[in-house]
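Asks: Dock chain V against chain L, hints included.
Protein chains: 2
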Amino acid sequence: MTSQSKVKIAIIGAGPVGSLCACFMAEYGYDVTIFESRTDIRLMQTTTGRSINLALSERGIKALQFVGLDNILIEELTEPMHGRMIHSTDGHNYSIPYDIFKKKCLYSISRKELNGVLLTKLEKYPNVKLNFSYKLVDIDFSSKKLTFQTVENQQVIILPDIVFGCDGAHSIVRQHMIRLPMFNYSQSYINHGYFEINLPNTKENVLTPGHLHIWPRGTFMLIALPNKDSFWTCTLFMPMDKFPLILESGKEEILSFFNKHFKDFVNLIDPENLIRQVISGKARTLISIKCNPYHVNDSFLLMGDAAHAIVPFYGQGMNAGFEDCTILNQLLNEYDHDLKTVLRMFSLRRIEDAEAISDLALYNYIEMRDLVTRKSFLWRKKIDKILYKWFPQKWIPLHSLVSFTTIGYKQCKLINQWQDQVIFRMLILFSLFIGITLFIVLTSIILK
Amino acid sequence: MTSQSKVKIAIIGAGPVGSLCACFMAEYGYDVTIFESRTDIRLMQTTTGRSINLALSERGIKALQFVGLDNILIEELTEPMHGRMIHSTDGHNYSIPYDIFKKKCLYSISRKELNGVLLTKLEKYPNVKLNFSYKLVDIDFSSKKLTFQTVENQQVIILPDIVFGCDGAHSIVRQHMIRLPMFNYSQSYINHGYFEINLPNTKENVLTPGHLHIWPRGTFMLIALPNKDSFWTCTLFMPMDKFPLILESGKEEILSFFNKHFKDFVNLIDPENLIRQVISGKARTLISIKCNPYHVNDSFLLMGDAAHAIVPFYGQGMNAGFEDCTILNQLLNEYDHDLKTVLRMFSLRRIEDAEAISDLALYNYIEMRDLVTRKSFLWRKKIDKILYKWFPQKWIPLHSLVSFTTIGYKQCKLINQWQDQVIFRMLILFSLFIGITLFIVLTSIILK
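One line per chain: the protein sequences are L and V, in this order.
Mapping to UniProt numbering: the first sequence position 195 is 195, numbers consecutive.
Mapping to UniProt numbering: the second sequence position 430 is 430, numbers consecutive.
Simulated from the structure, these hints should not be mistaken for lab results.
As the structure is a prediction and not an experimental result, all values here were calculated from the model.
Among the clues, some could well be false.
One copy or two, it doesn't matter: identical chains are merged, so the pair holds either way.
What the hints assert, rightly or not - Heads up, simulated DSSO-like pairs for lysine-lysine below, C-alpha to C-alpha not over 27 Å straight-line:
hint	residue 1	residue 2
1	K135	K145
2	K228	K102
3	K145	K282
4	K340	K282
5	K290	K340
6	K144	K8
7	K144	K282
8	K340	K242
Same shape as in the complex, but just chain L (with noise of 0.2 Å):
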C-alpha cells in the first residue's frame, strides 16, 4: 500500500477534465472517488443546440499522451482541420492553412466519445469510484464535509482529504467559493451568444473536408466542424440582440436571412430541415470566468472551465483543461505530491496563462467574424508565413503558437507583441529605405 493510496481525493463534474484529472489521480495510486450531477453521459441521447465539439490541438494531445488515450482517440474519433476555409460574400472561397509547414492540425471530436472513452478508461482502475447523479448541495471548507443529494433524494456525506473541483462554467464548487473572503471572481458574458445547426454530410453536400469552414460577416459568423458521424455541426455566432430577429420570425425570413448572407451554406441543406431547426432553437449565452486564487485551504482546488472558462474561439477551452492535468502532474512531481503546496503552487502557476488564453480567445472572435476578410490580415499572415518559413524555430505565428505548442499562454502572447513590434519596425525601416532611395535617385536626376 503506497502512501497515495490512503490519501482520498474527491473529483467533483465527470465530464472530460474532471475524468482525465481523475486518470491521473488514479495512475499514481490515490483513492480516487467521482461525484456527478448528472447521468452517465455514454447512456445519454445527444443533444443537439449546446456545443457539441471540440478541437483537440497539442496541449490536451500532450496531456492525453500520459494516460495512453492520445493515438487512439486521434485515429478513431477525430477529423483533421489542417486549415479555416474561409466563404466570402462574393461566393468566392479561401482557405488559410494553419501551419503549412509543420503540417499541423487540429482534430475536430465530439464531447460525447472524447468523455465517454475517458470514463471507460476510468473504469479499468481499481482505485477509482465512480458516482452519477450526485449533486452537490453543501461544502464545509474547514471540516472538508462535503454534502450530495442523490437521485433518490438522500443526503449523502463524504469527508475527502482532496477536493478537486471540476464542475465546469457554472461550478457549483465555485459558487461556495465565491462567499470566502480573499477569493477574487469575475464572471463576464459577452454582448454575443450562439445557437447550432446540424448539417447532415449527403450526397450532394460539398464542404471540403479537412478544414474549420468559415462565413465571416463583420458582427457576426456560422462556422462549420466536421464530425465523423457524417455530418457538420455549424454554429452561428452574433450579437445577442439579434437573435429573436431570426429565431420568432417566420419561415420566410429565417430562409431570408440563411440566404441573403450564407448563400452557400443554403444549397447545402434541405430548407425545410434547416427552418425546422432554427425555430426549435434557442440562443445560448458566452461567458468568461476568472478567479483568484484557484485553491483554498490546503485541500480544494477548481480547475478547467470551473476556474477559467473562456469563450471558445480559439477552441482551446478544452485544451487549457487538459494543460491543468499536466501542470498538476508536473507539480506532483516536482513537489514530491506535498499536496498542500501543489495545490498553492498550481494557482501561482497557472492563473496568468489563463487570464492571456481567456483574452485571447476573445481576440479571436474579431480575427474570426471580421479580420480574416480584411486585407491588412492577410498580408500580415503572408509576412508571417516568410518568417515562418525562414525561420521555423524562431518565429511561430501566434495561432500555432497557441494550438501547436506548450509554451504557457503569457508567453504566446508576448510573444506575439514582439512579433508585432518586429513588423512595425521593419516596415518603418523599409519606408525609410524607399525615403531615401528615392531622394538619391531624385536628387541625381536634378544634379546631372
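Replies: Frame of chain L; chain V shown alone:
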C-alpha cells in the same frame, strides 16, 4: 387608495440604504415590507472592530433631505470634519482643508445611530412593515417568490411585486442573481485590510477636533474619525500579510511597532488598552463589487453595497448608496411610477457612475497613505487652491466634486482628467516662457 398602495414592495436589508429606500417608497404610498436577517440594530450592542463610522457628505445629505432627516441628523448626531490633519513621521502635523473657500465639510456619524434614526422614522409610516431576523434563503425570479427562514426556524414565503436588494456587500439577493444568464459580476479583494482601535477622548487626548486625522506611512496608514460619544474610531490599514506580524505578536512588539510609526498616537492612549485591543483584534478584508445590470426582469433591483460595494477611502460608500435612492426617486417621477421602466433605467443610469467611484476610492487609498506626504501632491493642491479661488464655479478640485457636489461620479473623473491636462499644459507654457525669456536675456547680454 392610490394605485401605489396596491403595489407590494419587498426590501431586503434594513441597513442605512434599505431603510432610506423604504422611506422613499413609503412616502409615495407603496405597500412596503422590509426583511432584515439580523435583529434590530437599535437593540444591539455596538461591536468594535467592524467599520462603525461613516462620513456623510453632499450626496447623502441630499437624499436625507427628501425624508426631512438631514438637519436633525447633522445637528444632533454628527461631528464635522473640515479637513485632513496629517501626522508626519518627524512629529510635524499639518492640516489640508477640504474646502477652504466654501467651508464645506464632511460629517462623521456612527452607522448605528444613523441606521436607528432611519428605522424609527420608518416605524411612523402606516404603510411600512418591519421584519427582523428574517433570513432570505431562496428566490424564484420568474414567479417572484421569496423564501425566508425566521429565527424560530419557520419558513415564510412571500410574493411581492417588486424586490429591492439592499442587503449589503455580501448580498444574498445578488448571490442568487449570479446564477442567472447575462448577469455580469466581479468581486475583488484588495491586498490590504483593516483593523479598528477605539481611542477614548480623555483630558490628555489632544487630537485636534474638526479633522480626519491621518498618519500616512507609504504602504500603510492609521486614520482617526471623531465620534459624538467622546471617542475616536481609529483604523489601521495595511497589507493583509503584514497583520499577523502585529496582531499575533507579543506586547513588546505591538508597542514597539506603534512607537516606531505612530509615536504621537501612542502618547494619547493607555498602552495596556492599546495592547488589549490589538491582541483581541482581527484583520478585516476590503472588497470591491461590480455588477451589470443591477436589475433582473421587471421586478428585482440591487441598490447600495449589494450593487456596488467600494473600498472606504473616499468615504463615499453610504453616500453612493443614498444617492441610489435619489436616482430612484428621479426615475419614479420621470417615468411616472412605471416601475418596469424605472428598474431598467436605474441600471442604465447608475452603473457607469458606480464604477467611477469604485476606481476613485481605490485611488484615494494611495493618496491618503502616500501622496499626501509628497511635495508634488502638495504643489498640485496649491495650484488647485489658487484656481478654485479665482474660478469657484469652474475649477472645483476632485475631492470637492466628489464630496460636496452631486455631479455624477463619472463626470467628476472626467473633469479631473481635464484639470490634469490644463495644469500640464500650463506647466509646458510656463517652461517655454522661462526658456524664451532666458534666451532673450542671454542673447542680449552676449550681443552687448
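Asks: Looking at the structure, which of the earlier hints fail to hold?
Replies: none
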